[in-house]
Amino acid sequence: MFRKIAVAAGLMAAAFAAPAQAQSYPEKPIEFIVPWGPGGGSDTLMRIVAQGLTEETGQAVPVINMPGVGGNVGLAEFAKRPADGYTISQIHEGLLVSNQTGITELNWDSFIPVALVASSPQYLTLSKNDNFSNFEELVAYAKAHPGAVRAGVTLGGIPHVHIAMIEEAMGLQFSYVGYTDTGERIRALMGGNIDIAIGDISSAKQFVDNGDLIYAAVGTEERTDDAPDVPTLKELGMDAELVITRGVVLPKGTPQETVDALEAHIEKVMQREDVIKLMKNAGADPVFYGQEKYSAYLDKLNATIAKLVGKLEG
Amino acid sequence: MLDAFLAGAHQVFAFDTLTYMLIGSVAGIIAAAIPGFTVTMAIILTLPLTFAMEPLQGVSVMLSVYVGGYTGGLISAALLGIPGTPSSVATTFDAFPMARKGEPGRALSLGIWASFFGTVISTIVLIVAAPPLALIAVKLGPWEYFALIVFALTIVASLVGNSLIRGLIAGVIGLGIATIGPDPMMGKSRLTFDTDLLMPGLPFLVVLIGIFAISQLLSEVEIHGKKTNQALIPDVIDFKTWKVMREVLMAPVNLFRSSMIGVLIGALPGAGGSIANLLAYDQAKRSSKNPEKFGEGCADGVVASEAGNSATAGGGLIPMIALGIPGSAVDAILMASLMVHGISVGPRLIMDHADLAYGMFIAMIVSSLMMLVVCVASMRLFLRVTDIPKQFIVPTVIICCVIGAFALNNRVTDLYLLGIIGLVGYGLKSLDYPLAPLVLGVILGPIAETNLRRALMSDPDWTTFFTRPISAILLAAALLSVIFSVRSILKMRKKNRPATDEQDGD
Amino acid sequence: MTVKVTEAAAADTGVSAASRARTELARLISYIVFGGVSVVLSSMAAGLPTSRWEPLGAGTFPKLVFALLAVLCLIAAVRSIIEIVRAGGLEGVGAAFTQWLYVRRVAIGLFVLFAVYLGVMPWTGFSLASFVFLLIAQLMIAGVSRRTVIQSIIAALIFSVGLNLLFAEVFNVFLPRGVLFAG
Chain A
1 MFRKIAVAAG LMAAAFAAPA QAQSYPEKPI EFIVPWGPGG GSDTLMRIVA
51 QGLTEETGQA VPVINMPGVG GNVGLAEFAK RPADGYTISQ IHEGLLVSNQ
101 TGITELNWDS FIPVALVASS PQYLTLSKND NFSNFEELVA YAKAHPGAVR
151 AGVTLGGIPH VHIAMIEEAM GLQFSYVGYT DTGERIRALM GGNIDIAIGD
201 ISSAKQFVDN GDLIYAAVGT EERTDDAPDV PTLKELGMDA ELVITRGVVL
251 PKGTPQETVD ALEAHIEKVM QREDVIKLMK NAGADPVFYG QEKYSAYLDK
301 LNATIAKLVG KLEG
Chain B
1 MLDAFLAGAH QVFAFDTLTY MLIGSVAGII AAAIPGFTVT MAIILTLPLT
51 FAMEPLQGVS VMLSVYVGGY TGGLISAALL GIPGTPSSVA TTFDAFPMAR
101 KGEPGRALSL GIWASFFGTV ISTIVLIVAA PPLALIAVKL GPWEYFALIV
151 FALTIVASLV GNSLIRGLIA GVIGLGIATI GPDPMMGKSR LTFDTDLLMP
201 GLPFLVVLIG IFAISQLLSE VEIHGKKTNQ ALIPDVIDFK TWKVMREVLM
251 APVNLFRSSM IGVLIGALPG AGGSIANLLA YDQAKRSSKN PEKFGEGCAD
301 GVVASEAGNS ATAGGGLIPM IALGIPGSAV DAILMASLMV HGISVGPRLI
351 MDHADLAYGM FIAMIVSSLM MLVVCVASMR LFLRVTDIPK QFIVPTVIIC
401 CVIGAFALNN RVTDLYLLGI IGLVGYGLKS LDYPLAPLVL GVILGPIAET
451 NLRRALMSDP DWTTFFTRPI SAILLAAALL SVIFSVRSIL KMRKKNRPAT
501 DEQDGD
Chain C
1 MTVKVTEAAA ADTGVSAASR ARTELARLIS YIVFGGVSVV LSSMAAGLPT
51 SRWEPLGAGT FPKLVFALLA VLCLIAAVRS IIEIVRAGGL EGVGAAFTQW
101 LYVRRVAIGL FVLFAVYLGV MPWTGFSLAS FVFLLIAQLM IAGVSRRTVI
151 QSIIAALIFS VGLNLLFAEV FNVFLPRGVL FAG
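Chains as they are written, first to last, in full-length UniProt numbering: chain A, 1 to 314; chain B, 1 to 506; chain C, 1 to 183.
Hints are computed from structural coordinates only; laboratory data are not their basis.
Everything hinted at is true.
Below, a list of computed lysine-lysine pairs in the BS3-like style, where the Cα atoms sit at most 27 Å apart:
#	chain 1	residue 1	chain 2	residue 2
1	B	188	A	307
2	A	307	A	293
3	A	293	A	277
4	A	252	A	28
5	A	128	B	139
6	B	289	B	494
7	A	28	A	80
8	A	234	A	293
9	A	143	A	128
10	B	139	A	205
11	A	128	A	205
12	B	240	B	289
13	B	188	A	80
14	B	240	B	293
15	B	188	A	300
16	A	280	A	234
17	A	311	B	188
My request is simple: use the sequences and hints to build the entire structure.
Structure below.
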């Protein structure tokens, strides 16, 4: 996951030369609170967006990392900031899960979702072992041996939700081992200390190419360009989407014209070729959902997580 | 292979690369010398600058910052008694007393040479044995990590100072402090009293700065008897650079053992320089014929602690170059800098980009030479720090600590924690509690807890700890270590029964 | 100053047993404080919910750690009491405490100043708070004279406003800004 910091920092370096644009918003620098530590997926992708915004609007968009308690520290601080459009922040699926499991009071609707900008496909990744080497074998083995397959997840986090979705759809039962960081999970897979985990393209691709790990399935609608041989869960008979999406939010109470202006700026940012390329390098698909589509998406997602939350609690 | 080696060498020995590396080396040393600023921070700040460079050039510059940074911590450890980086805690034990006894030049020289040899030894191990060591490091499961931490905890016995019980209390306080905040598995908040202050937990760097820096700075302004503002350093200083080099090399066992500890700990993802620094010091003390001299300005102590932390630089690169798994945050940033240039670091790096891998080895050696030259040339300048009157040093260093603590997470509450922990640290210091065990507890506690819980989740059977061979060996070593410490403490107590009583007065 | 020197000399020669008892009392208090706090924290940790994902819940480790701390403090406290009794009582505790504080007067003053500095930073911002902190702290340690005042003002400016500018402009690291004063 640290791999991504590089992409971000490159942007910082180029951040200074930016053309100005004649528009009322923004008139001064916009602070971008990223509620996660430097070097993580959110940090990298949001730095790419911040850089794009800087070039698009002509105003500096400094990223401020405020990690802690699954994003809650930064978002709590963000919620207190004036709703004038000069402080923006970012959320992802993790917030919805934290809300449902009672870690935080905040949820997506505590803020104004402005635009969804990045979607990272998640891959079901297997360690090399004697019992299974693809999705069908995994399902067969796990059916025959309930609880024998060890899944590495962030307990009560998004990876847990994803594995639980597979469990539910396929009628399986795994046992869980807590690993909070994608890098740690990949390492544990390599060492054979866990059997399956959810990983993204940038953290596991090299090991898959080298034959150390196996991508069993990808959680997108269609096969990905990065790993065209990996079947989707849909092809394998499971109707579920395993992605992590990240979007920009504003505090409640921000004037509608400011929200619209920011949305328009982000839409332009997401059409920039450099932004698209950098995001792909960082292992995410650049996308753009505006306010309404993003809200609808989050609402639907919230319902899915609420349904599964019983499987996570405890 | 030779082609790749030469291609790598050609790039590293280009004039501009060497110039940038020199600047990087100086920057790393300075950043690490300032308490509160860390090597990681320096590397993150260097990162954007390397993007305009060739991949190997960029990595070489970052390596020079990295290697310089592992030495820079020595300077404030020796001259101010404050670890400049988390990995120079043990360096304060002997380098500071040595400097206070009027040999600051020797303390610095010893540390610099030890760092140099430590880096070189670690680089050699990296070149020779990276792939097998990396595979072992990855195979280690939660059982082995837990057993290793148990073993590392037994070194508290070497750090207790005058009183075993107070040392143990300090160590357990450290373990306890680290449990406050979100729990490492599920993020459920623990013992936070629902306050914003404690909700995110107590960051290690903030605890370190508070416990060591703030308490040390406050005790600097105590007035015992006459107001002494005299210069610490005599007018004529002889660094005895070459004599000290021989001195370091004359104790090859200590140097080699400490470096190997650094390499091995560095190769374990997630362990890191601070553990290596303390562990190497502990092992040197245990195998010394004169363990009672440790803590009073003993040369072996300085060498062990500095060789130990510097060797983690090469050690951390082992899993990174061999497998693409970073050993520490700094290694992760190195990997990131390559990724931006479209080079993905992984198990195929040595095959796909051999010139780069060899270039990195060369850059490590060049960086350590540069560190040596820069340090030897500028030692006299560093010693000037001790000439600056207290009224400037103390408040200014406090400001640096504040900046370091804040810049970590951009949380103002971390500054309040810094104040509270500083006060507690000062109180503990005044009551003759040793502070190093507390810091050790804070470092090791979360790793111990995470791996214990992980081990039991993977396999609810407790006996697995004893049936997995490496785990069993480490636990046996921990037991032996405890027995050994108890025996030597009893022996020491018998030997200086009257002397310890003197220690107790204020 | 002279008072202190004679007292220290006296302490060295005659009343070392009593002085040891006094130091031990201070430690005893610390053992009781730590012990008490750890009992509370241990029982709080025991009350944390267990997890169905793992045999050890969030509370187990802190519960054990703080229980161990409580036991260690109890042992230390008992030994401390024995030591005090053996040394023969606690005469002169008050005077010794005053002396203890007197030696640390600048340190305590500096800490109070530090606490105030951290407390006001969210309102005044980094630059202003640091400037005032540095100025007062330097004068507190060095004493007030024309030379020290001038030196201190210069040093304080460099390390408050100067550092803030350096970090903001060069490194893009933003130090706390104040509500009342943005610098």
